[in-house]
Amino acid sequence: MAPQPLESVMTVSVTNNTGDAQFIVYDISGKSVHKVQLNGNQQFTINKGRLAAGMYAYKLINRAGKLLASGKLMVR
Numbered sequence: 001m002a003p004q005p006l007e008s009v010m011t012v013s014v015t016n017n018t019g020d021a022q023f024i025v026y027d028i029s030g031k032s033v034h035k036v037q038l039n040g041n042q043q044f045t046i047n048k049g050r051l052a053a054g055m056y057a058y059k060l061i062n063r064a065g066k067l068l069a070s071g072k073l074m075v076r
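Residue numbers (this note's numbering): 1 to 76.
In case anyone wonders, no lab produced these hints; they're calculated from the structure.
Just so you know, these numbers come straight off a predicted model, no measurement behind them.
Please note: incorrect hints may appear among the correct ones.
[To be verified] Simulated restraints, written as ranges between beta carbons of each label pair:
(1) 19 / 52: 12 to 22 Å
(2) 5 / 64: 25 to 35 Å
(3) 71 / 8: 18 to 28 Å
(4) 54 / 17: 16 to 26 Å
(5) 53 / 19: 26 to 36 Å
(6) 69 / 3: 11 to 21 Å
Don't be surprised by glycine CBs; every beta carbon is placed ideally from N, CA and C.
Using the sequences plus the hints, can you model the full thing?
What follows is the structure, given as structure tokens:
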């Protein structure tokens, strides 16, 4: 994921051959605020859009519900 912190647009690359998966961004209260449906290796962008400045968490989850990756995302 680059760049961090997110100021306008961020590019995310998924290269683990995840198959069908979801990339989900959560606000500090745990509410899902952004979802991207993925089909295998993929690159996509996240626009700051309605994301208020602050800390967010993200998860990459496969179709079976297995956590493939997680981390934090700072928005300015």
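Taking the hints in turn, this is what the structure says about them:
no., hint, verdict
1, 19 / 52: 12 to 22 Å, "violated (32 Å)"
2, 5 / 64: 25 to 35 Å, "holds (32 Å)"
3, 71 / 8: 18 to 28 Å, "holds (20 Å)"
4, 54 / 17: 16 to 26 Å, "violated (32 Å)"
5, 53 / 19: 26 to 36 Å, "holds (34 Å)"
6, 69 / 3: 11 to 21 Å, "holds (18 Å)"
Checked against the numbered hints above, the structure breaks hints 1 and 4 and satisfies the rest.
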